[in-house]
Amino acid sequence: MSSPSYTVIIGLEVHTQLKTNSKLFCSCANEFNPDNPNTQTCPVCLGLPGALPVMNRHAFDLSLKTALALNCTIPHFTKWDRKQYYYPDLPKAYQISQFDLPFSENGWLEITNDEDGGPVRRINITRAHLEEDAGKNVHDESGQGGDSGVDLNRTGTPLLEIVSEPDLRSASEARRYLEEMRTLLLFIEVSDCNMQEGSLRCDANVNLHIHNEDGTTTATPIVELKNMNSFRNVEMAIDYEVKRQHSEFKKTGKTIDDSSKVTRGWDAERSVTFAQREKEDVSDYRFFPDPDLVPVVLTESEIEVVRRSLPETPAVKRDRFRTEHGLTEYDASVIIGQGPGITAYFEAVVFACGDGKIAVNWVTQDVLRDLNASESGVDDFPITSDLLGTLLKWITSERLTNKSAREVYAILKKRAVTGDEISVQDVETLAAEREIVRDTGALEAAIAAAIASRPDAVEDVKTGKLQAVGPMMGMVMKQVGGADPKEVRAMLISMIQDS
Amino acid sequence: MPELYEQSTESLLSALNAGDLSSRTLTTACLDRIDQLNKKLNAFVSVNADAALAKADAVDKRRATGQTIGLLQGLPVGVKDNICQAGVATTCGSRMLHNYCPPYDAHVVEQLNAEDGVIVGQLNMDEFAMGSSTETSASGVTRNPWNPEHSPGGSSGGAAAAVAAGMVPLALGSDTGGSIRQPASFCGVVGMKPTYGRVSRFGLVAFASSLDQIGPFARDVHGAALLLQVISGHDTRDTTSVDSVVANYTGQFNQSLEGLRIGIVDEHYGEGLDDEVEAAVRRGIERLESAGATVKSVKLPHARYSVATYYLIAPSEASSNLARYDGIHYGHRTEDFNSRNDGLIDLYCRSRGEGFGAEVKRRIMLGTYALSAGYYDAYYLKALKVRRRIREDFDKAFAEVDIIAGPVAPTAAFRIGEKMNDPLAMYLSDIYTISANLAGIPGISVPCGLTTNGLPIGLQLQASTFSETTLLQAAAMAETSGDTIGVCPVA
Chain A
1 MSSPSYTVII GLEVHTQLKT NSKLFCSCAN EFNPDNPNTQ TCPVCLGLPG
51 ALPVMNRHAF DLSLKTALAL NCTIPHFTKW DRKQYYYPDL PKAYQISQFD
101 LPFSENGWLE ITNDEDGGPV RRINITRAHL EEDAGKNVHD ESGQGGDSGV
151 DLNRTGTPLL EIVSEPDLRS ASEARRYLEE MRTLLLFIEV SDCNMQEGSL
201 RCDANVNLHI HNEDGTTTAT PIVELKNMNS FRNVEMAIDY EVKRQHSEFK
251 KTGKTIDDSS KVTRGWDAER SVTFAQREKE DVSDYRFFPD PDLVPVVLTE
301 SEIEVVRRSL PETPAVKRDR FRTEHGLTEY DASVIIGQGP GITAYFEAVV
351 FACGDGKIAV NWVTQDVLRD LNASESGVDD FPITSDLLGT LLKWITSERL
401 TNKSAREVYA ILKKRAVTGD EISVQDVETL AAEREIVRDT GALEAAIAAA
451 IASRPDAVED VKTGKLQAVG PMMGMVMKQV GGADPKEVRA MLISMIQDS
Chain B
1 MPELYEQSTE SLLSALNAGD LSSRTLTTAC LDRIDQLNKK LNAFVSVNAD
51 AALAKADAVD KRRATGQTIG LLQGLPVGVK DNICQAGVAT TCGSRMLHNY
101 CPPYDAHVVE QLNAEDGVIV GQLNMDEFAM GSSTETSASG VTRNPWNPEH
151 SPGGSSGGAA AAVAAGMVPL ALGSDTGGSI RQPASFCGVV GMKPTYGRVS
201 RFGLVAFASS LDQIGPFARD VHGAALLLQV ISGHDTRDTT SVDSVVANYT
251 GQFNQSLEGL RIGIVDEHYG EGLDDEVEAA VRRGIERLES AGATVKSVKL
301 PHARYSVATY YLIAPSEASS NLARYDGIHY GHRTEDFNSR NDGLIDLYCR
351 SRGEGFGAEV KRRIMLGTYA LSAGYYDAYY LKALKVRRRI REDFDKAFAE
401 VDIIAGPVAP TAAFRIGEKM NDPLAMYLSD IYTISANLAG IPGISVPCGL
451 TTNGLPIGLQ LQASTFSETT LLQAAAMAET SGDTIGVCPV A
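Chains as they are written, first to last, in the working numbering: chain A, 1 to 499; chain B, 1 to 491.
Note that these hints are calculated values from the structure, not bench results. Be aware that a few hints might be false.
Distance ranges between label pairs, derived from CB positions [unchecked claim]: (1) B/ALA399 x A/LEU101: 27 to 33 Å; (2) B/VAL245 x A/ASN33: 56 to 62 Å; (3) A/SER247 x B/ALA373: 33 to 39 Å.
Here the structure is a predicted model, which means the values were calculated and not measured. No residue lacks a Cβ here, since even glycine has one placed at the ideal position from N, Cα and C.
Take the sequences, apply the hints, and build the full model.
Here it is in structure tokens:
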């Protein structure tokens, strides 16, 4: 097969709800609460006559923090605009948003396509702007035509829209971008990024640049993809859309000049995209500056304060884990991709035991497996970083075998199930009972005793049947708990052969 | 002894203060006066006598027990029907909000209550404050107490008429393009639009947010100053409210006008200005001059664009502010809707079609058009640029003078119905007041004479932003040095 005859062009619009106590323009609680509709509302977010918005400075600062982490430029002047359209979930019939002078622009986010490393791709960010979320229309899902309702709990939730340049070239690259974005937002603690609850949402603009035989390029119409509620769905929808657009182009030859942007929804059940309302129906939002809100004027020192509050970004952390803790790119990505909780746990374990590689093995194998099985968060995990760090310190100081450590770990888990408090001292005690025995006198005595009790096996070993040492090894190990099995085996064989 | 409804604010206050007059007596007198005259004038759209008397009694009781009393000392106040009071129908003169009761108090209502004003009811207005005659209200036409065949002006016509007729000594109105000053002029009372940002708009149902400002009506300048004192100040719920010190407006009337520089604008005296109005205004300014002020000409070269500018900016903002009245969340919803055949758009169109009157629809359409893609730059953006020029004109003028004096409106009160079919003529009745809203400066209307037909004429004084003190001093001087226009002959 020849190389693909087209390039895929993807730009993403990420919407993320900011983690503030109150809404963007009023003091109502900012909480996901679909079971109690219209309980988190006030005259301001209901858009009652005479009510006026007041900007939540914390929401603005979280936005600034995000934009700075995305390497954006922050203009010193920004303003609010009204985006006007009619919909029942929009009680003022306009959304307070930012149109021509957003608070940030021209940033970038670096991704790697390959989790083992691979070349870094810099995806440009056109802009990030702050706006208020709409409410939710609730329809009778029984299909019996019951009344629809409007829940305005979500109305006015601070929503950050991050628009990328059309720099992404494949569905998997789009997924990587989203994963990296999510990780970043989690690490800088601006959003919960919960796609099920809608605190992270994504639309994708997709089209193809068809490479013609004469060397020219033809662009297909841009499609805006919506309704994708997981990263996997985004990837699948884009993959589907790429194939659909290609076959559509082969059939109709329609180009970007023949059609304005259309919207297609993703049907996750059937794994297809379907045509939605043509965007041009509602394209005139009659943006104009909101006269109820004064513009935001920022000084360089205000921006600097936020910049200084930025924690280490995931990208920087990944580099540091490689250089400081000796992790591979892959391991660093796995740990950091698990989010701030696991990452902090890992770092605490490394700090306690002093060895990144041992720590990463234990965290990625044992801890993650158990966490996934228990479906609880790392904060509730009974084997805290202190305990694991203490245990692994025994391995790194070569006083405990991996096998013994796993035994201790298993005992700790069992105790946790019964709800017993586990202390660092408990770990020390359990480990000490299994300490590798360096006292060769005791070991030699135990081996001599084992040899003396099994002359038959001794003969077998002498004739070359080395597996016959097994039962004797068992006896020795039973006798000397902390003995290193490898060492015991070698000593057994050599003592038999010397006898 | 004049009737209570004829007495000056100062004499009412001193009687209340001395214990010679109770708030209950005064409130009862106002309620009686409303009873007697409102059928004829239709100034109040609703009266809450029980609440008013309860408040009056509470103030009296506190006075009797020697407790602190707020600045208003139990004076009755009327409130324009676009200012929210919790649990009180606030209809904005519109069918759209005929059933709407806000769940909260406007900032100014909180201030009135805190300073012991006795709120007696809601005052009629043009629908959503769009009009200059108080003829477009869903609650019917308000009549001018000086001559019921004539309009009280608008949009705060109910407030002006109520104060002129002695129904209340004080009232709150709102002014977006002259809606306080023009009706004050037509009804022979004092009406003032403060600096934009001086009074919180929180709880004022928006017409054009960048122009709207709440202000006082009173029988005299002292009353206007007192009420302004009560409602002024910073409110964190309105980000356009300005955090600057509120001066003592009532305490500075006795200062001399010696050296006060008054500017007159030649463009004010052109085509369309009624001769009698011009003569009265010129006399008013001459009297200020003889009281010690100096008078000179100033230029406002862009003033002639103010009506055009206003009729792009105000309708644009209005089209957006009024979009929320969609029949979904509150207010009027059409009954002509069948969910089987009709869609959401039908619900919107019919609810809005039925709920809004003709003038409101006209302005929504003007504004929607001006903000539409492809027209925005030529209309709205251009209007903002001209607005800046108008503001700069005032800045230059106020570098030379302290006060600009001139007419409030081109004519005295016109007849009811006279301009209803000629929107342009109606719009031009705000030609002298609109530029103050565009520039954000304060302006006041003080009575300066009567026409031969016995209709009041107002003198408009304007000052630079936050120069309310100077403005009120000049207005007080104009008031005391002028011919008294006498008591309104109603009833």
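**Q.** Whether the CB-CB distance between B/ALA399 and A/LEU101 falls inside 27 to 33 Å
**A.** Given about 31 Å between the Cβ atoms, the range holds.
Q) In this structure, is the beta-carbon distance linking A/SER247 and B/ALA373 contained in 33 to 39 Å? A) Once the Cβ atoms are compared, 34 Å apart, the range 33 to 39 Å for B/ALA373 and A/SER247 holds.
Q.
Tell me if the beta carbons of B/VAL245 and A/ASN33 are separated by a distance inside 56 to 62 Å.
A. Violated - the Cβ-Cβ distance for B/VAL245 and A/ASN33, about 43 Å, lies outside 56 to 62 Å.
Hint compliance for this structure: hint 2 alone is broken.
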